[in-house]
Amino acid sequence: MGKATVIPFGPQHPVLPEPLHLDLVVEDEKVLEAIPQIGFVHRGLEKLVETRDYNQFIFIAERICGICAFGHSMGYAETVESLMGVEIPKRAEYLRVIWHELSRVHSHILWLGLAADAFGFESLFMHCWRLRERVLDIFEKTTGGRVIFSVVKVGGVVRDIDAVQFAEIKRVLEGIKDDYRQIMNAFLKDSSVKNRTVGVGHVSHEDALALSMVGPFARASSVNYDVRMLGRGGYAELADFRPILDDQGDCYARCKVRALEVLQSIDIIEEMISRIPEGDISVSVKGSPVAGSEASNVVEQPRGECYYYARGNGTKNLERMRMRTPTSQNLAGMTAALKGCDLADVNNIILTIDPCISCTER
Amino acid sequence: MEFSSEFIPLKLDEVPSLSDRMKSEHARFVQILAVNTDAGVDLVYSFMMGDGALQNYEVKGVKKTDVVPSITGNFLAAFVFENEIHDLFGVTIEGIAIDFGGKFYQLAQSEPMTIISPAQKAAREKAAKAAEAKRARAAKVAETEYAADHPDAIKQMKQKVSGIDPAQMADFEERFAGTDPEKLARIKAAFAAKAAKAAEAEQSRKSKRETRAAELENLDPEKAAKVRAALERKKKAAEAKRAVGSSNVERDAEIEAKLAQLDPERAAKVRAALDAKARKETAERAANTGKDGE
Numbered sequence: 001m002g003k004a005t006v007i008p009f010g011p012q013h014p015v016l017p018e019p020l021h022l023d024l025v026v027e028d029e030k031v032l033e034a035i036p037q038i039g040f041v042h043r044g045l046e047k048l049v050e051t052r053d054y055n056q057f058i059f060i061a062e063r064i065c066g067i068c069a070f071g072h073s074m075g076y077a078e079t080v081e082s083l084m085g086v087e088i089p090k091r092a093e094y095l096r097v098i099w100h101e102l103s104r105v106h107s108h109i110l111w112l113g114l115a116a117d118a119f120g121f122e123s124l125f126m127h128c129w130r131l132r133e134r135v136l137d138i139f140e141k142t143t144g145g146r147v148i149f150s151v152v153k154v155g156g157v158v159r160d161i162d163a164v165q166f167a168e169i170k171r172v173l174e175g176i177k178d179d180y181r182q183i184m185n186a187f188l189k190d191s192s193v194k195n196r197t198v199g200v201g202h203v204s205h206e207d208a209l210a211l212s213m214v215g216p217f218a219r220a221s222s223v224n225y226d227v228r229m230l231g232r233g234g235y236a237e238l239a240d241f242r243p244i245l246d247d248q249g250d251c252y253a254r255c256k257v258r259a260l261e262v263l264q265s266i267d268i269i270e271e272m273i274s275r276i277p278e279g280d281i282s283v284s285v286k287g288s289p290v291a292g293s294e295a296s297n298v299v300e301q302p303r304g305e306c307y308y309y310a311r312g313n314g315t316k317n318l319e320r321m322r323m324r325t326p327t328s329q330n331l332a333g334m335t336a337a338l339k340g341c342d343l344a345d346v347n348n349i350i351l352t353i354d355p356c357i358s359c360t361e362r
Numbered sequence: 001m002e003f004s005s006e007f008i009p010l011k012l013d014e015v016p017s018l019s020d021r022m023k024s025e026h027a028r029f030v031q032i033l034a035v036n037t038d039a040g041v042d043l044v045y046s047f048m049m050g051d052g053a054l055q056n057y058e059v060k061g062v063k064k065t066d067v068v069p070s071i072t073g074n075f076l077a078a079f080v081f082e083n084e085i086h087d088l089f090g091v092t093i094e095g096i097a098i099d100f101g102g103k104f105y106q107l108a109q110s111e112p113m114t115i116i117s118p119a120q121k122a123a124r125e126k127a128a129k130a131a132e133a134k135r136a137r138a139a140k141v142a143e144t145e146y147a148a149d150h151p152d153a154i155k156q157m158k159q160k161v162s163g164i165d166p167a168q169m170a171d172f173e174e175r176f177a178g179t180d181p182e183k184l185a186r187i188k189a190a191f192a193a194k195a196a197k198a199a200e201a202e203q204s205r206k207s208k209r210e211t212r213a214a215e216l217e218n219l220d221p222e223k224a225a226k227v228r229a230a231l232e233r234k235k236k237a238a239e240a241k242r243a244v245g246s247s248n249v250e251r252d253a254e255i256e257a258k259l260a261q262l263d264p265e266r267a268a269k270v271r272a273a274l275d276a277k278a279r280k281e282t283a284e285r286a287a288n289t290g291k292d293g294e
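Protein sequence lines, in the order shown, are assigned to chains D and Y.
Take the first sequence: its position 27, counted from the start at 1, is 27 in the UniProt record's numbering, and no numbers get skipped.
Take the second sequence: its position 201, counted from the start at 1, is 201 in the UniProt record's numbering, and no numbers get skipped.
Any given hint could turn out to be false.
[Said to hold, decoys possible] Estimated spans, in silico, between C-beta atoms of each pair:
(1) 61(Y) x 12(D): 49 to 57 Å
(2) 130(D) x 8(Y): 46 to 54 Å
(3) 137(Y) x 274(D): 49 to 57 Å
(4) 55(D) x 60(Y): 25 to 33 Å
I should point out that these hints are in silico values taken from the structure, not numbers from a laboratory.
The beta carbon of each residue, even a glycine, is placed where N, CA and C say it ideally should be.
Chain Y with its partners taken away, still in its complex shape (with noise of 0.2 Å):
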């Protein structure tokens, strides 16, 4: 004898069939489980066959309405968990030989195991979030992989970035000269993409601005002018929002007078190492905005 243990599908209406089969094959029975499932109550039940064989004949997504029927007619034993299962799950199960009519278990709650505690349902989305994140990383590592099987899909890649102004495509070469070419080709393909959606989004904003203008049309013209005024006031505070953007060029010259005060070698180290962080920020946001692309 040596033990072995296996999970098999079964259907529900073929319950009363399973049970007088093993009765006929002499097996014996070992227990009925069970699981609390979004889509129903999962049945298992287990036979144990002489040679030690242990099966479990899963019964998938039992629903509230559905009514399971009873084997203590070929298996007495099954009536604790007949009983238990009723009590515990709220499944319907009709004939059972000793049948406590919902009242084995002294219960506070009716069915306890129906209730998803809000603790392990947080726990099961995180962990549905996390397969969903690891299936992406698998798919871009392929995706690499892909790349370095077929060098022609990069030039090709590097087509597609064509749609870049070429000053900056001319800036790129030289900035990311050392690096390796898979990762040039997804920044590239990054910034096209970052791109082409503000092509997009200019797109639908100049489409937006016409039928704002067309509805305008319609309105009465007094209303019509009231609307025209707060756009314009939008558009002035929008404009005087990016004139503090720029302030960055300002801060620029400052560094740059202070640099001028220290002695030259030190001057060139500090030079190089904001050099180095600027160029590690823009890497940065490129591969964010290529995650974010795909």
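Isolated chain D, as found in the complex (with noise of 0.2 Å):
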């Protein structure tokens, strides 16, 4: 038995693709203690709403996040469609649902070549990448942006994708899934990968439950929520629609959960584009909110489950916008599955909860 040490993990590390500052509490090689310091960047977009239009904050709202841009864009938008009471047409709902979930499978595909990377297989988060850059190819398509695509606005979205698109759309997800499985099968089958994921970074279901965790970290731990099963928006009108869940709760079960998020999008995406109803995308929104008015909303971003609430004041501004992450709600949860872990394995294991502390901290 050694003697208790504090090793400083972070905001500058290798492995970290964001701020994020660990004290890790080790005794030889085991973590007894991990305490989370964020507030590295800080950036006060919410306090901009007072002194943005509600529909120019739409851009700010896009710019929390690189990855989960789109749904962010969307989240705020539907808050403030619930606050002034906007019924958006379904066409609109539509197109919303298949670039988030565009969205989804980018940001799922980015982030196991993170993981992969997290353990060491560089060709493998290359091949993820290089898959990666198609979707991205499907954005500047449709939208004219990679990142940032600024194509929601309240009241509905502002570009159209026509049949052609569609069509194309089709045909290049065909392609990905093809080539998609063949890495899919690295990451649950090969066995130096599971070496290194199998049994790492353990939380139990019951953890999960009394951590609040949300999104495929939970759904690891067979917790059984995924917004997209309460039907908001254009997730009414799946036909079906089941959370992938996994009992293991492990590193491994992490990973598997997003790896069949990503098929589980691209079905609902075809799903969406073989239903989706002619009409108007938009409708025009006038006024301001009411004062004193309040709406709170959820959307499943690909990290998880994220919260808006909005407040109106009677002018164009809002009194209040606040967007909570679903790597803030995984914090804690984060603590909890670096305890009693090997030291070697902590990158792993914090990069499986997929986190996003510039999102965190907006």
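Join these two chains into a complex; the hints should help.
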């Protein structure tokens, strides 16, 4: 038995894509406790809502995060729409779901690449990111942007996708599916990958519930919760939606849940494309939110449930806009997952919650 | 499962019991947020129930002196939000499981979310004014509707107007013969209000003069004489000013002379136009006084 030592980890660390600091209390090679610290990139974006028109703020909402940019603009727009009692056309709802699911595909493939990098499989990382490029190309063709799309507005969307583009998207997704299955095999069946992930960073089902975990992190501990199953917006039109669950609660399970969610998202996109109704893509929204009116909303981002809150004050500016991102909800779960792990597995475990610290601090 | 969202008011001292109740009902903790208001900071605790109902419990107006109990005992995930609210809004929260003691965010400014920018303040005041104007307009519309439903109310108004001198009254009847009775009644009411106001002003002037005279009596004779002389000068100046105002009559005569030179048909047209303009101005003035009166 050695003496307990504190090892500072991050915010600058080769494996961390985002500035997160951890104080790791270790004894020999075992982590006894991990205390997270964030706060290096607080930008005060929520404060900006006071000086921006509610239509302008959508562009700021999008820039909260570079990966779930579309989800944030969609969540913000949905919240303001429910604040002002606006109902958007069906076609706009479908288009939002299609772009949102495409974002999930690209986000999960990006994450798989980062995970591969974290456990030292560099060529797998390259393969993942190469595949992700094809999704970004779809974004570029349909919206004009690769990261920030600016296609959502309060009252609908600003761009339509025509039948020719839909056919193209379907064709590209079919191609991605084939290549993706090979990559997925490497993650789920390769023995050297499994050595790094199976049984590492275990979180039990009870802990996952008690720590209010969300997203794939929680679903890997068989927490049956996904905002998409609440049937909000276009998701209400899906014939059948069941969250992908796993009961192992380790890094391998989290990897598996995300890997399978990519295929699920592709299926959702194909279903939406086959059933999308004709019609308008937006309605005009006039006036300002009533003073004192409030609305709350949840959206399933690639990282999990994201909560939005808005309060109007009778002006074009909102009184308050709040985004609670999935990572801030999962920080407590992460400390639980890190308890008792090997020091060498710390980076791996941190990555499997898919942290987005810039989202968390806004 | 179907999504629904509701806001439920809560008292500050009920927070621990809410947290215990939510724990026993196996609700999932969603988040805590704060809103800065004039009356203090509003806290919103959100929980997701098993059936997809999102419940937001709202504690209004938490003061700087209040101590908010932490809910991290039941829901550890709340430590992020409680530290955040402490750092950004300056709310004191007691017993956080992982307490950063005000060092959670690296901030250049303490409690940045409680500062209201001048632009925001101005916008809020403007909105309050606009809301007030809207309310006033709605009240006016309601009044006209009432008048339309109760024609005898107009009659009563007419009786009120009887305070105006008869010549002016006859002038009214003639000038606004074509306008609808509601509008006429409003204009008349405005004039009556104006007349009443003028009478009141006269009354107050008179009483002022009397008090001033009484004051002068009490002053020593030399000073009183000085004050009287100054008042006299002021009065003369006012009279001179009024004389300048009456030059309108001269202008009218000039226009008349010019018109005489024009061919009669065109002169008639110009005269009609001038007349219409004058009438419009009077009506507008009347409407404006009406607005002020209300």
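Comparing the hints with the structure gives:
The hinted window of 49 to 57 Å between residue 61(Y) and residue 12(D) is violated, with their beta carbons roughly 42 Å apart. The hinted range of 46 to 54 Å is satisfied by residue 130(D) and residue 8(Y), whose Cβ atoms lie roughly 50 Å apart. For residue 137(Y) and residue 274(D), the hinted distance range of 49 to 57 Å is satisfied, since their beta carbons lie about 51 Å from each other. For residue 55(D) and residue 60(Y), the hinted distance range of 25 to 33 Å is satisfied, since their beta carbons lie about 29 Å from each other.
This entry does not satisfy hint 1, going by the numbered hints stated previously; all others are met.
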